[in-house]
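Could you put together the complete structure from these sequences and hints?
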Amino acid sequence: MIVDQDYLNTKGRIFDIQKYSIHDGPGIRTIVFLKGCAFRCRWCCNPESQSYEIQTMVTAGKEKVVGQDVTVAEVMEEVRKDAIHYRRSGGGLTLSGGESLLQMDFASDLLLAAHMEGYNTALESTAFADFNKIRDKILPHLDLFLLDIKHMNSAKHKLFVGQPNERVLENARKITDSGQKVIVRVPVIPTFNATPEEILEIAVFARSLKGVEQIHLLPYHRLGADKYNGLDREYYLEGIEPPENELMQDLAEVAKSTGLHVQIGG
Amino acid sequence: MKDVFYGDIEKSPRIPRLVEHLYAKMPVIEADRALIVTESYKETECEPVIIRRAKAFEKICKELPIIIRPEELIVGSNSIAPRGCQVFPEYSFSWLEDEFDTVETRSADPFYISEETKKALHEAYKYWGGKTTSDLATSYMAPEALTAIEHNMFTTGNYFYNGIGHFCVDYEKVLRLGYEGIRKEAEEELEKCQVSDADYAKRYHFLESVIISCNAAITYAGRYAVLALEEAEKCSDITRKKELLEIARICAKVPAKPAQSFYEACQSFWFIQMLLQTESSGHSISPGRFDQYMYPYYEKDMREGNITREFAQELIDCIWVKLNDLNKVRDAASAEGFAGYSLFQNLIVGGQNEAGVDVTNDLSCMCIEASMHVMLPAPSLSIRVWNKTPDALMIKAAALTRTGIGLPAYYNDEVIIPSMLSMGVTLEDARNYCIIGCVEPQAPGKTDGWHDAAFFNMCRPLELVFSNGMDKGVQVGLKTGRIEDMTTFDEVYDAYKAQMEYFIKLLVNSDNAIDMAHRERCPLPFQSAMVADCIKAGKAMQEGGAHYNFTGPQGFGIANMTDALYAIKLLVFEQKKYTLSDFKKAMDNNFGKGLTLDKVTQLTSEVAKNLVAAGKQVGENEITQIFETVKNTSVSAEEANFYDSMLKDIASLPKYGNDDDDIDMFAKDVAYTYTKPLLKYTNPRGGRFQAGLYPVSANVPLGAQTGATPDGRLAGTPIADGIGPAAGRDIDGPTATLNSVAKIDHGIASNGTLLNQKFHPSALSGIEGLQKFAAMIRAYFDQKGMHVQFNVVSRETLLDAQAHPENYKGLVVRVAGYSALFTTLSKSLQDDIINRTTQAF
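Respectively, the protein sequence lines represent chains L and Y.
Adding 29 to a residue's 1-based position in the first sequence gives its number in the numbering used here.
Adding 17 to a residue's 1-based position in the second sequence gives its number in the numbering used here.
Hints should not be assumed to be uniformly reliable.
Claimed, not checked - DMTMM-like mimics (lysine to aspartate or glutamate), calculated; alpha carbons at most 25 angstroms apart, straight line: (1) Y:Lys594 x Y:Asp502; (2) Y:Lys586 x Y:Asp511; (3) Y:Lys59 x Y:Glu140; (4) Y:Lys693 x Y:Asp799; (5) L:Lys166 x L:Asp35; (6) L:Lys91 x Y:Glu655; (7) Y:Lys665 x L:Glu92; (8) Y:Lys685 x L:Glu107; (9) Y:Lys685 x L:Glu106; (10) Y:Lys801 x L:Glu146; (11) Y:Lys844 x L:Glu270.
These aren't lab readings, by the way, just hints derived from the structure by calculation.
Predicted, not measured: the structure shown is a model, and the values here were computed from it.
Below, the structure written as structure tokens:
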């Protein structure tokens, strides 16, 4: 390759690589999960993603080390294995977390490396970082931003997520204003935001963002619940049922009223 | 692409009623055919065998009871009971007599048999002692081959007990010429025969037998014309009366004469298909490229406004139902290997023609639609895929996959065509390939492929490496040396290859012996009339009359042998954690997890032999005593711990199926230990052997006969399915599995490879799910995978897994970015996933 390949040596910390992901961007994708997050969402299905520290988690009765330091080159070796599937489906690499933007240089170089090999890139993120850095390091190498907006009320946001929402909303505006293609994603969590009013508020905001045409409503699921046990942590949402199909349809209708294209699930 | 590909045609209300009638009762064994054949054979004792076969077929066509089932539009049944079956004493019979009292209650494919039928068959069987193909085949086999079979090294049971089947006749020609046209061709050849020709007697009789057979088929259809007329006369429902009169008209015309409408072509096709399965008991008699040879009739009727698309669909649906009306009783062991009452009538749509042009058409999609309408196992629907396959066909096929019926199977033109070329098939013929039975490619209408010629268990030779060729006290294999004395991995691997080569040689001996027996005892004039070049050559297919001849036995166990040899390589020779003796002990003791009955018997006989060798008297009492001692011996706690840590170490090694180049490339080489040696051999019909890599469902029963293997597989448990990874060892998702499997050399396995994949329906939800699924298949095929089929896990399966977790240890569910072994999840999470499954469509 002609370009200086230093970016291949950038190091970062990941906790999983998942292939044949079909719900996080176009085509068949490989998701690289970066470790560490600024939020502590109570419903988080990947609680092992939150701390940057390498941890031990018990799954299916066995201890498993969660977290691994790797170079961009090492990640790309794994990502490259499904290149033929990306080519056929228009897929590529999706970064998820945790919050990838906490490892800005690593995330930047992963996206660059993927672009250098011709793969579509996507980032699933809360945009909870310095906008100038996002603009300079991430957006040049990004095809699709899957932007999580969880609630419009900052106090409630802080209560369930651990951080207020001002920065998220402000960055959402700036990112879309820059011309970046964005899909807004909303985790639908009973007791938090699973009401028509709250979803409508988010949808109205999303609709006001430049160029945003799509919103995905992701129904809460409990598939990460066992992991809290494995990490010796309390699961605050114990006993909360996933939203009924009917409710999801109602919420989708409400969101549609803004003129957005709405999809249930990723 | 025309939107016609997406258009679902409404199902006629007739179809569910036909299906209901077909499945109302347990299938029945009927004696009529056996009695007719026996009588005919008694009448023809002194005649040439080919004439005897033709006359027996003629008598069947004249006398076999016939029936038109309620509401049928396509008629012709070879049993009175729905899904009933006839029996074929000329191939073998003693197994059925032995199983008379258990065939109704056995777990795999039970059949009802009346006392009256038992009695009649028992009488008929008196004639057949020593006269069957299997009797003759046994006498042709080398003693060491018989020993190898007895010791479960491989099984050639399918063709040993049954007819061969596994062909696709030239349906197009029969539709176009009718049997009168075929008969004329035989008559013209007969004219050319000179009494002074060296092969006059053979040739003359064969052509005579073709003429008798064509007339027989015409007679049979004529009986249906009469029956339909009689029923029409009695029928008070005016709509049905008209239908019966139309059936009568059509049966009086085809298959004697050329078909001139789509309906006539459908009925003509059906008579061909069902009569082939009355002539012999072979299965996998495959309709092949139905969408191609039927298309001219459909196109003409549509163009001229003679038929509606809805009625054409109804006729296709009726044929689909009829394909499930045909049935066959197998011996108990084979029934397990081919479980599901399947006759493997493979019907393939899409793909290119002789000139390399994609010929996917409206019928291709209507065939997929028909499978959605009937939701039955037959036909084994397949689709041909290449770069120019319309996406619409892929999406339609994916939509059928999503129903969870396990159809269609997907085949890759880009691998199969060159693979056939490498075996001497012409480019035009290769481009026109169809699939026979499970996965076997063939040039239709001109091939005697002998696909499915054996199951070869690739795990057993490794067991013999560890025992220096001994099995249950008998020297079954080669003496490749004491395992304890081997000092390099190459020595172990070379010993494995030597055992493989040896048993492949015996497999060839066994197949060729059976081949000879069929040639001498059961040449088949009716099927030969429709396969080139039999009429020109004046020889039946069984005598080498077909244009192309092959024998295709299949090996299985690649994943287990790859993981096993890799474990030995790493743990014994690289990490030096264990010795070969440790592995031998672990295998002998089933990793401390209890001995199988087989193993106890083997150890008992070894102990007894040692005692005899030492000059001790060993009687029945002593043997019982040794047996009990061996059975009750348990491993010490220390040993148990040792084996457990060994299993843990084996489990932690890389495994085939996770897109890891190092072990996947090794798998490629392991597959060659089976595929390459076979290519050296030829069969009595003048054709070559070619390898298949697939087990049908034999990996389960044959796994039960296999001891523990060094990959940590316990004794008696199933062997890996097809060329896929061992169950539960692929942990990196479907793309990784496909990438791994594609590294095996599929092209050299010209008898076919088989990959089963399991999917959660959420992966196929919505149009986007179907698109991504289709893209994944294309990406697998870009890497030169040959075949793939999918089990979409249904809600019912998940509920069953919840109730019986022990049967579903390897079931992975991938939902919403989180994958897990289903059975390790808590009840409430399992419920979530089960609920999601229902939401998926």
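Verification of the supplied hints:
1. With a CA separation close to 17 angstroms, the supplied pair lysine 594 of chain Y and aspartate 502 of chain Y stays within the 25 angstroms bound.
2. Proposed proximity of lysine 586 of chain Y and aspartate 511 of chain Y is supported: the alpha carbons are some 13 angstroms apart, at most 25 angstroms.
3. For the proposed pair lysine 59 of chain Y and glutamate 140 of chain Y, the alpha carbon gap of about 13 angstroms is at most 25 angstroms, so the pair holds.
4. Proposed proximity of lysine 693 of chain Y and aspartate 799 of chain Y is supported: the alpha carbons are some 24 angstroms apart, at most 25 angstroms.
5. A threshold of 25 angstroms between alpha carbons decides the hint, and for lysine 166 of chain L with aspartate 35 of chain L the separation of about 15 angstroms falls inside it, so the pair holds.
6. Pair hint lysine 91 of chain L plus glutamate 655 of chain Y holds up; C-alpha atoms about 23 angstroms apart against a cutoff of 25 angstroms.
7. At roughly 14 angstroms between alpha-carbon atoms, lysine 665 of chain Y and glutamate 92 of chain L fall within 25 angstroms of each other, so this suggested pair holds.
8. Distance check on the hinted pair: lysine 685 of chain Y and glutamate 107 of chain L sit about 21 angstroms apart at the alpha-carbon level, within 25 angstroms; holds.
9. Annotation: proposed proximity of lysine 685 of chain Y to glutamate 106 of chain L holds, straight-line Cα distance about 21 angstroms (limit 25 angstroms).
10. For the suggested pair lysine 801 of chain Y and glutamate 146 of chain L, the alpha carbons sit about 22 angstroms apart, so the restraint of at most 25 angstroms is met.
11. Taken as a hint, the lysine 844 of chain Y and glutamate 270 of chain L pair is honoured in the structure, with Cα atoms around 14 angstroms apart against an allowance of 25 angstroms.
In terms of the numbered hints stated before, the structure departs from none.
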